[in-house]
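Enquirer: Residues per chain are reported as follows:
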Amino acid sequence: MTFPMNASRDCARAWEAMPWVLQGNASPEQAQWLDGHLAQCAACRVEYAQQLRLREALALPADVAVDANAGLKHLLDRLDAHDAEVAQPTKARARTAGWLLRGLAAAVVLQALGIGILGLKLYREQGATDYRTYSSQDAARAPAGAIRVVPDDSMKVSEWNAHVHELHLQIVSGPNAVGAYTVVPDGAATTQDELVRQLRAMRGIRMAEPVAAVP
Amino acid sequence: MNEADIEADATDRALLQRMAAGDRVALATLYRGYHGRLCRFLTRLTRRPDVIDEVINDCFWIAWQKAATFQGDSRVSTWIMGIAYRCGLKALRQHGDEPIEDDALYGDRAPSHDPSEDHELRDWLGKALERLTVDQRVVLELVYGVGHSLNDVAVIMQCPVGTVKARLFHARVRLRNVLPDLAGESSAHVGGAP
Chain L
1 MTFPMNASRD
11 CARAWEAMPW
21 VLQGNASPEQ
31 AQWLDGHLAQ
41 CAACRVEYAQ
51 QLRLREALAL
61 PADVAVDANA
71 GLKHLLDRLD
81 AHDAEVAQPT
91 KARARTAGWL
101 LRGLAAAVVL
111 QALGIGILGL
121 KLYREQGATD
131 YRTYSSQDAA
141 RAPAGAIRVV
151 PDDSMKVSEW
161 NAHVHELHLQ
171 IVSGPNAVGA
181 YTVVPDGAAT
191 TQDELVRQLR
201 AMRGIRMAEP
211 VAAVP
Chain P
1 MNEADIEADA
11 TDRALLQRMA
21 AGDRVALATL
31 YRGYHGRLCR
41 FLTRLTRRPD
51 VIDEVINDCF
61 WIAWQKAATF
71 QGDSRVSTWI
81 MGIAYRCGLK
91 ALRQHGDEPI
101 EDDALYGDRA
111 PSHDPSEDHE
121 LRDWLGKALE
131 RLTVDQRVVL
141 ELVYGVGHSL
151 NDVAVIMQCP
161 VGTVKARLFH
171 ARVRLRNVLP
181 DLAGESSAHV
191 GGAP
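Chains as they are written, first to last, in the numbering used here: chain L, 1 to 215; chain P, 1 to 194.
Just chain L, with the same shape it has in the complex:
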């Protein structure tokens, strides 16, 4: 940046200082120095007078009429409108959230009731035992001393009949879907445990177990 006038270094310094001296923000030394320079430099005096006039002109009040009260009212109306706009969705959200919460609570209560009713119904259907085994499924209706017997697939009917007669057994049901028979002793001569032991010792008997002994 170069000083526009064909001037001395002091004139350039004076040019730089003028705005701040005019503002009143220059240091006392700077202001004093400028006074001294202006006293001896006609060109800078003219420039300073011009800058002073420019500052006076720029400090005049605005000549475009703008109503401050009307402007403030517009601003406050704008804030009101904004606040109302912000408040509206919040209320709507709160209402929606309230209904959603109530709906969810009702659903939870209904689910709990449903589960309770279903559990009660199952309990009644199944009784105290909550599981069943292959051997226990007919326990309730099987006669006392009943034994479940599963002969091997390769056993001939005659052989099976021979075993039944040999041990004095009576077939009360079977064969079922898996080939199991329910037998009872034909008389009280032998205990259930003894019969089971004998059956298990026989060739061709895949499984033998007392029905009543199954937990």
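Source of the hints: derived by calculation from the structure; they are not laboratory data.
Bear in mind that the values here come from a model prediction, so they are computed numbers and not experimental data.
Be aware that one or more of the hints could be misleading.
To be verified - Label pairs and their calculated CB-CB ranges: (1) P/Glu3 x L/His82: 17 to 23 Å; (2) P/Gln94 x L/Leu101: 44 to 50 Å; (3) L/Asp83 x P/Lys90: 22 to 28 Å; (4) P/Pro160 x L/Leu104: 57 to 63 Å.
Yeah, the Cβ is synthetic: ideal placement off N, Cα and C, and Gly gets one too.
Go by the hints and put chain P onto chain L.
Expert: For chain P alone, kept in the frame of chain L given last:
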């Protein structure tokens, strides 16, 4: 910054804190306190009263919204003038710049109580500012009109201090070449007026 500036800034900060807490009375006080200087500042950008009103409205809307985030790195006046400057530039882009070309604005529209000396000064200033760019007018207004330092102006215009110095320099050089002639024209104009 002198004593008066420090005191004024402390008052502005207190108002800003109240605004951050939602105090509309503080907003109204700050609005009224700045309305005059913002009006004059914005006339360097546009001559349309409706646009000036809109810019001041936008400026204080932002000040209201951002009051709580004011960091205090600068004076409140610097912060507000910066907001007004940016809102003013945005309004110029939206509404179109209306440079100070209408002499009637400095004559017929001047306040009726305007003394003839002020009238002459306004006329002279209007013709002078016509020769400058918007940025040069803004720098002149902020330095000579409002009394901001170069650093303040740099904050307001969001540019380096060197750029502000260059704008001020070029504005003064341009005016130096035309003002003496304009002074003669103005005197002749006013002198010829009834």
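Enquirer: Take the hints in turn and mark each one as holding or not.
Expert: Hints, one by one, checked against the model:
For the hinted restraint 17 to 23 Å between P/Glu3 and L/His82, the CB-CB distance of approximately 38 Å leaves it violated. As the Cβ distance of P/Gln94 to L/Leu101 is approximately 46 Å, the hint placing it in 44 to 50 Å holds. A hinted range of 22 to 28 Å holds for the C-beta pair L/Asp83 and P/Lys90, which are about 24 Å apart. Against the hinted window of 57 to 63 Å, the Cβ-Cβ separation of P/Pro160 and L/Leu104 comes to about 59 Å, which satisfies the hint.
In this structure, only the earlier hint numbered 1 is contradicted, and the remaining ones agree with it.
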